[in-house]
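A.B. asks: All chains should be modelled from the sequences, with the hints used to inform the complete structure.
Heads up: the sequence lines are chains A and B, in that order.
First residue of the first sequence: 118, per the numbering used here; consecutive thereafter.
First residue of the second sequence: 14, per the numbering used here; consecutive thereafter.
Hints in this document: simulated from the structure, not taken from any laboratory.
Keep in mind it's a predicted model, so treat the numbers as computed, not measured.
Ideal placement from N, C-alpha and C gives every residue a C-beta, glycine not left out.
A few of these clues could be false.
[Stated by the list, open to error] Partial list, derived from the structure: chain A residues whose beta carbon lies under 8 angstroms from chain B:
1) 147
2) 150
3) 151
4) 152
5) 164
6) 266
7) 272
8) 276
9) 283
10) 286
11) 287
12) 294
13) 301
14) 304
15) 323
[What the hints assert, rightly or not] Subject to a maximum C-alpha distance of 27 angstroms in a straight line, what follows is the list of computed DSS-like cross-link-like pairs (lysine-lysine):
16) A:207 x B:175
17) B:164 x B:175
18) B:174 x B:164
19) B:158 x A:172
20) A:172 x B:164
21) B:221 x B:52
22) B:174 x A:172
23) B:164 x A:207
24) B:158 x A:207
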Amino acid sequence: RRHTQTVMMKQTTTALVALLVVVAAVAVADAFLLNVDANAVECFKEEVGENLPVKLVFQVIQGGSFDIDFEITNPKGEQVFNGHRESEGKVDFYTTIAGYYKFCFSNKMSTVTGKAIEVLLQVEEKGDNLGYATSEDLSPLDNAIRQLAEGVSDVVTVQRQMHMRDEAHQNITLNTNRVVLYWFFFEALLIVALVGWQVIQLRKIFETKRVV
Amino acid sequence: TTMRGGAVLVVLAAAAAFAQALVFEVPNGHQKCFSQDFKQGQVVDGEFEILPGQPVFMMQNPSLMTLRITGNDGKVLVDLREKPGKQPFQFTPERDGLVDFCLRETRWRKGAPREVSVKFTQGASVASQIAKGVELMPMEQAMTKIEERAKRIQQGTEDLKKRGSALRDLTEVVNARVAWLSLFSIGLLVCAGVWQMYYLKHYFSMKKLI
Numbered sequence: 118r119r120h121t122q123t124v125m126m127k128q129t130t131t132a133l134v135a136l137l138v139v140v141a142a143v144a145v146a147d148a149f150l151l152n153v154d155a156n157a158v159e160c161f162k163e164e165v166g167e168n169l170p171v172k173l174v175f176q177v178i179q180g181g182s183f184d185i186d187f188e189i190t191n192p193k194g195e196q197v198f199n200g201h202r203e204s205e206g207k208v209d210f211y212t213t214i215a216g217y218y219k220f221c222f223s224n225k226m227s228t229v230t231g232k233a234i235e236v237l238l239q240v241e242e243k244g245d246n247l248g249y250a251t252s253e254d255l256s257p258l259d260n261a262i263r264q265l266a267e268g269v270s271d272v273v274t275v276q277r278q279m280h281m282r283d284e285a286h287q288n289i290t291l292n293t294n295r296v297v298l299y300w301f302f303f304e305a306l307l308i309v310a311l312v313g314w315q316v317i318q319l320r321k322i323f324e325t326k327r328v329v
Numbered sequence: 014t015t016m017r018g019g020a021v022l023v024v025l026a027a028a029a030a031f032a033q034a035l036v037f038e039v040p041n042g043h044q045k046c047f048s049q050d051f052k053q054g055q056v057v058d059g060e061f062e063i064l065p066g067q068p069v070f071m072m073q074n075p076s077l078m079t080l081r082i083t084g085n086d087g088k089v090l091v092d093l094r095e096k097p098g099k100q101p102f103q104f105t106p107e108r109d110g111l112v113d114f115c116l117r118e119t120r121w122r123k124g125a126p127r128e129v130s131v132k133f134t135q136g137a138s139v140a141s142q143i144a145k146g147v148e149l150m151p152m153e154q155a156m157t158k159i160e161e162r163a164k165r166i167q168q169g170t171e172d173l174k175k176r177g178s179a180l181r182d183l184t185e186v187v188n189a190r191v192a193w194l195s196l197f198s199i200g201l202l203v204c205a206g207v208w209q210m211y212y213l214k215h216y217f218s219m220k221k222l223i
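C.D. replies: Below you can see the structure in the form of structure tokens.
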């Protein structure tokens, strides 16, 4: 009887520890900033195990028309996702094979302006599968805590997305502010030049007439 | 004791996970950089490695591949040269802000671009607490982590509110600017038109055409 008790205690402790591992490993990565020069492609890779969730969130926060081309390739070289002229993106997928997944951002559409992109990449690293308890192993309370942990992490991610979006909007607005001023000066110059040219032309016409 | 040993093993296995692990392909004579926001005061742990299966060049000076981490103020926090195997690094940001990570292959050499891995995490991981000998209370620890994240969400919401109102103010400024400049444009047009007529009238009367 004592032996059974010890075995049960061992199972509970392992389950609880596994829960902790799940909560701790629902790690939230923060977004990093990537600069892509005009006519360039910037890529990075991350190693992911098999059948694990990958979450990519990005936002173009600076440059030109605030859009970018992107492509996600699996370890075999096959394209998993791609996007053309996206200003922001959210990609969620489960990996089919383990290995290095490649994420590429292409600014080939731009000849002059570089782009700045904020990228949030969340993966569960290879090797995290050790000791994970499935829903059956955990008691209802532990399950609830696990769900809570996942929910809270999701909120943090969404918040980060909103932050990134706000940054992009601020930059767009500052851009507009500047552009409006330049346009006004250009317009003023054009008006003055046009009026001057009209007057000169009229004078010329009447001078020629006089000569004739 | 075997129970706890097993528990520690499980958690330590997961502790190897960094919050962010990126692999960049750095061609000859090129530089690959990215920036990340870090909070002041909290230790950032990281790892730099030239992926196994690739040549590693042990040069005296200067090193071929370097990882340079520069803080917000331009101060160099970490400067690592290429060596075989994983190189851990650690720094504590002195201010909130962007930290630049730059991978650079300095000298020209022939050969394929090499893949370099940079991993990092900010904030003490659970495993480090266990290593310190802290009593393992799984549920308590899990709840603490959730509480920590909930606080972070709260701060985030405050921050977003501020940013939102700042953006509104900025848009109001642009709005006002557009209105004023449009008004000026119209005024300029009217003035130009009126000036034209008066000038031409004066000119033709001078030339005795009127």
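A.B. asks: Against this structure, judge whether each hint is valid.
C.D. replies: For each hint, the structure was consulted:
no.: 1; hint: 147; verdict: 6 angstroms, holds
no.: 2; hint: 150; verdict: 4 angstroms, holds
no.: 3; hint: 151; verdict: 5 angstroms, holds
no.: 4; hint: 152; verdict: 7 angstroms, holds
no.: 5; hint: 164; verdict: 7 angstroms, holds
no.: 6; hint: 266; verdict: 6 angstroms, holds
no.: 7; hint: 272; verdict: 5 angstroms, holds
no.: 8; hint: 276; verdict: 4 angstroms, holds
no.: 9; hint: 283; verdict: 5 angstroms, holds
no.: 10; hint: 286; verdict: 6 angstroms, holds
no.: 11; hint: 287; verdict: 6 angstroms, holds
no.: 12; hint: 294; verdict: 5 angstroms, holds
no.: 13; hint: 301; verdict: 4 angstroms, holds
no.: 14; hint: 304; verdict: 6 angstroms, holds
no.: 15; hint: 323; verdict: 7 angstroms, holds
no.: 16; hint: A:207 x B:175; verdict: 25 angstroms, holds
no.: 17; hint: B:164 x B:175; verdict: 17 angstroms, holds
no.: 18; hint: B:174 x B:164; verdict: 16 angstroms, holds
no.: 19; hint: B:158 x A:172; verdict: 21 angstroms, holds
no.: 20; hint: A:172 x B:164; verdict: 23 angstroms, holds
no.: 21; hint: B:221 x B:52; verdict: 80 angstroms, violated
no.: 22; hint: B:174 x A:172; verdict: 26 angstroms, holds
no.: 23; hint: B:164 x A:207; verdict: 25 angstroms, holds
no.: 24; hint: B:158 x A:207; verdict: 26 angstroms, holds
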